[in-house]
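Chemist: Sequence:
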Amino acid sequence: MIAKLNDHKPSSIGQASRISGITPAAISILLVWLKKQGMLRRSA
Numbered sequence: 001m002i003a004k005l006n007d008h009k010p011s012s013i014g015q016a017s018r019i020s021g022i023t024p025a026a027i028s029i030l031l032v033w034l035k036k037q038g039m040l041r042r043s044a
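In terms of full-length UniProt numbering, the sequence shown has 43 at position 43, counting the first letter as 1, and numbering is strictly consecutive.
Keep in mind that the hints were calculated from the coordinates and are not lab data.
Owing to the predicted nature of the structure, the values given are computational and were not obtained by experimental measurement.
The C-beta atom is built at its ideal place from N, Cα and C for all residues, glycine as well.
Worth double-checking, as some hints may not be accurate.
Capping the alpha-carbon separation at 27 Å, the derived lysine-lysine pairs in DSS-like fashion look like this [stated by the list, open to error]:
| hint | residue 1 | residue 2 |
| --- | --- | --- |
| 1 | K36 | K9 |
| 2 | K9 | K35 |
| 3 | K36 | K4 |
| 4 | K4 | K35 |
Label-pair ranges, simulated between beta-carbon atoms [stated by the list, open to error]:
| hint | residue 1 | residue 2 | range |
| --- | --- | --- | --- |
| 5 | A3 | R42 | 15 to 21 Å |
| 6 | I19 | L40 | 17 to 23 Å |
| 7 | M39 | K4 | 25 to 31 Å |
| 8 | A3 | L34 | 26 to 32 Å |
| 9 | K35 | Q15 | 16 to 22 Å |
| 10 | P24 | A3 | 16 to 22 Å |
| 11 | Q37 | Q15 | 23 to 29 Å |
| 12 | I19 | M39 | 17 to 23 Å |
| 13 | W33 | D7 | 15 to 21 Å |
| 14 | S12 | K36 | 17 to 23 Å |
| 15 | L34 | D7 | 15 to 21 Å |
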């Protein structure tokens, strides 16, 4: 998962979720990690 995200460098969660092989569970883990890092921002 990390390698795929590093290769594609998505700029949003939506883009990350469309990468082949990235599961919904992986997106959930990514969201939790971003929130803990204080990097999660909400768009309007």
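Chemist: What hint numbers does the structure not satisfy?
Modeler: 5, 7, 8, 11
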